[in-house]
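Asks: Sequence:
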Amino acid sequence: MAAGLPSDEPRVCKPGFHGRVAAAVRLVPPGRVTTYGDVAGVLGSPRVARQVGWALAALPAGSDVPWHRVINAQGRISHRGELVRASEQRRLLEAEGVLFSDSGRLDLASLRWDWPELP
DNA sequence: TTGTTGACTCCCG
DNA sequence: CCGGGAGCCAACA
Numbered sequence: 182m183a184a185g186l187p188s189d190e191p192r193v194c195k196p197g198f199h200g201r202v203a204a205a206v207r208l209v210p211p212g213r214v215t216t217y218g219d220v221a222g223v224l225g226s227p228r229v230a231r232q233v234g235w236a237l238a239a240l241p242a243g244s245d246v247p248w249h250r251v252i253n254a255q256g257r258i259s260h261r262g263e264l265v266r267a268s269e270q271r272r273l274l275e276a277e278g279v280l281f282s283d284s285g286r287l288d289l290a291s292l293r294w295d296w297p298e299l300p
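In our numbering, the protein residues as written are 182 to 300.
Misleading hints may appear alongside valid ones.
Pairwise CB distance ranges, derived in the manner of DEER restraints [said to hold, decoys possible]:
1. 228 - 283: 30 to 36 Å
2. 272 - 210: 26 to 32 Å
3. 298 - 268: 31 to 37 Å
4. 204 - 266: 17 to 23 Å
By construction, these hints were calculated from the structure, which means they are not laboratory data. These figures come from a predicted structure and were not determined experimentally. Using N, Cα and C, we set each Cβ at its ideal position, and we do this for glycine too.
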């Protein structure tokens, strides 16, 4: 096995699409949010918003990736069934100072983070 | 190799 | 405002 790269390491740490997603999301500062499409666009393909969400779903528990700062283009939380996940996401965002609307929607025009361009 | 799935987005009614 | 359908690409079995 290659030295310096333990096989126990999760795939998200390897150089791949999810790896870039994790790295990009990790650059999002507290109090700001971004959309799946934006992350995908910064990665080079605005069509791969699904893969961004899929990559976040593959993140290991306790990862240093602020997955809760990633929302859909509608300014709402994507739960896809797991409401527990959405509840925690909203809680984490509120803890960072992000305010939600009555319908559980937030102001993307104000909270959407402007990417400084990713290599 | 192919086929299926999916934390999305856009369009239409 | 909300719902349904189609398209897109990457990872997994």
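Asks: Are the hints correct? Go through all of them and say.
Replies: Hint by hint, here is what the structure shows:
1. 228 - 283: 30 to 36 Å: holds (32 Å)
2. 272 - 210: 26 to 32 Å: Given about 18 Å between the Cβ atoms, the range is violated.
3. 298 - 268: 31 to 37 Å: Holds: the Cβ-Cβ distance is about 34 Å, inside 31 to 37 Å.
4. 204 - 266: 17 to 23 Å: holds (22 Å)
When the structure is compared with the earlier hints, a violation turns up for hint 2 alone.
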